[in-house]
Amino acid sequence: MTNLIFTNARLIDPETGTDSPGWLRVTNGRIAARGEGDAPTTEAKAIDCDGKCLAPGIVDIGVKVCEPGERHKESYKTAGLAAAAGGVTTIVTRPDTTPAIDTPESLEFVTRRAQSDSPVNVLPMAALTKGRDGREMTEIGFLQDAGAVAFTDCDHVVLNTKVFSRALTYARSCGALVIAHPQEPTLSSGAAATSGKFATLRGLPAVSPMAERMGLDRDIALLEMTGAKYHADQITTARALPALERAKRNGLGITAGTSVHHLTLNELDVADYRTFFKVKPPLRSEDDRLAVIEAVQSGLIDTISSMHTPQDEESKRLPFEEAASGAVALETLLPAVLRLYHAGYLDLPTLFRAMALNPAKRLGLDSGRLSQGAPADLVLFDPDVPFVLDRFSLKSKSQNTPFDGQRMQGKVTATYVAGQEVYRRA
Amino acid sequence: MRFAHRHLLGIEHLSQSDITAILDLAETYVDLNRQSTKRSDVLSGLTQINMFFENSTRTQASFEIAGKRLGADVMNMAMQASSIKKGETLIDTAMTLNAMHPDLLVVRHPHSGAVDLLAQKVNCAVLNAGDGKHEHPTQALLDALTIRRAKGRLHRLNIAICGDVAHSRVARSNLILLGKMENRIRLIGPPTLVPGHFADFGAEVYDDMNEGLKDVDVVMMLRLQKERMDGGFIPSEREYYHRYGLDAAKLALAKPDAIVMHPGPMNRGVEIDGTLADDINRSVIQDQVEMGVAVRMAAMELLARNLREAA
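As they're listed, the protein sequences go chains A and B. Heads up: the first sequence begins at 0 in numbering that gives the first Met the number 0, then just goes up one per residue. Heads up: the second sequence begins at 0 in numbering that gives the first Met the number 0, then just goes up one per residue.
Do not rely on the hints blindly, as some may be mistaken.
Said to hold, decoys possible - Cut-off 30 Å, straight-line C-alpha distance, at most; resulting in silico cross-link-like pairs (BS3-like, lysine-lysine): (1) 179(B) x 279(A); (2) 120(B) x 196(A); (3) 196(A) x 67(B).
To be verified - Here are a few chain B residues that face chain A, going by a calculated C-beta distance under 10 Å: (4) 98; (5) 117; (6) 120; (7) 121; (8) 166; (9) 197; (10) 203; (11) 206.
FYI, nobody ran anything at the bench for these hints, they're computed from the structure. Since the model is a prediction, treat every value here as computed from it, not as a measurement. Glycine is no exception: its CB is placed at the ideal position from the N, C-alpha and C atoms.
Take these sequences, add in the hints, and give me the full structure.
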């Protein structure tokens, strides 16, 4: 193991909420020491950060890698390279593959592929119900033994409340985290947009933002009943926030995330039916976007994730209603959220609290922080460097990003996993 | 007059003067169509393909007659029976047709935005003959011409659009066009079929038809699109007719010279009383069909002029 010392860095520490100049020493893949001012002389290899930001690597919950089933859209290798280039040091993968990851055997396949191909940490999630079809719970205990860090049916809502309550109860006994997609699916079925003036003008089938709150309300009631550990994958509407706030105040085991797209884009960005802007849940109004940013600021919303969802050209080159949902975002996550920093909404420690510290804490990991003894999963980035995104420059196999051709500011300089450099910008 | 558009995809993109230009040109075609020899050669040598991904008899016939009277070579493709069933995507179908060098492509598709998508991929002029719940521009133009001829103007009128607004591209295009021409628009229907968001477009929304019809100049009925409904928007057809069907008693609340319109095909006894639909003193439904051919001839001529200039 090489030992490193980062000098002349701007340390972004989400634990203390500080953003200050200093140095950081890495020994045997872990953070050994840090301090202000001039770095002490050591034998470790010195990396002059030239005043750039050094932050804990991003822990991204909810990344879709399309193995098994649709390897042409994304493999562990390409997802890993994209993550490294985006400063993401841990990807927490979704089980909504074909077939779903719902047995210890299929989970082992994923783990093997990830270990051999990905330069960054991969932690797999498993399905909560077999085939993600909401009828029978998976072998939660065996799957945990095989390495599943959380259980989720992804965008499939477990419709049958009895099945969901039993799965939550059983998961609690295993100490397992359940991640759900709060949505009232009978209200949102067939929707491609959020109801409002824009969807009306474009003639798109739309869902009221209230469907999210109704789904969350049900899940909160079930948490009160079962005492399970629960994380809402994406809270995207203002209407859902008071319910979340109450549930937290009442001491339920609930946390919530949101996606980079819902923080940086709104429904009007769909413009003339641009299918790269079709995500699930659909983009919301500007009022919702601002409310969600405020909730990240206050800590009500705990995590930000990329919701990386690769789709090939064919599945997006369709009329909006028929086109597939989702966007790739491993590489654009950091530059996109930096828009919120440059616009003065959120400071860097707050962003890394939501992108690194909180997701790591929620999963019981010791990464996501700059404290002594934490793994040296680090991202070095320059928050100011401007560029225009060319989607064909992305390392993902699929290039369905809504940010194509847009001006961005902030690029990753280098990424380290356990003290090893896994990416350096050419 | 220069028509600064390559395609006719929606009313949203047109200005007041664009609309007036189409209507003025259409007037000349109304006259032509009433003569015994109905021929012009403004589209001669051009190829027009009608691609209908959704069933249509009336609109397709109207576009076909319009093209033929202007001398175009017209071909109809029933896309429902064709390659879509074999799994070909919309864009591949468009590229295939594009390789045959059509000049005018008339497209109807069940999904909103599909015609816009197709227009991005082909080199010819595209006319939207209806896309999902989005727009149906030639219908709004023919309605405008019908109103202008019946009322002598196309501004400062009180116009009621009644019925299944939510599922209607006709309603959207009309709402946009009549708004651009500075009319007051009322939308009438049960709230399940006329969502409140329509008030954001400057229209007044009524769920009581008797109140909504007071003193209007034009009553535009919409077809109750049964095939579009997931079910459960209205309790029954008979209750709908009772509350929102247009009959003589309800029409009596409008201005004495108010005209009655319907884009067809009508459900007699569901949204409109049969006798009223046939009343030549009030109903302009047959005029709408006639104006349809003229408006489509005008729109195609304007687009063809651009094609010839570009060539």
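Right, here's what the structure says about each hint:
no.	hint	in the structure
1	179(B) x 279(A)	violated (34 Å)
2	120(B) x 196(A)	holds (28 Å)
3	196(A) x 67(B)	violated (39 Å)
4	98	violated (18 Å)
5	117	holds (9 Å)
6	120	holds (9 Å)
7	121	violated (14 Å)
8	166	holds (9 Å)
9	197	holds (6 Å)
10	203	violated (15 Å)
11	206	violated (17 Å)
The structure fails to meet hints 1, 3, 4, 7, 10 and 11 from the earlier list, while all remaining hints are met.
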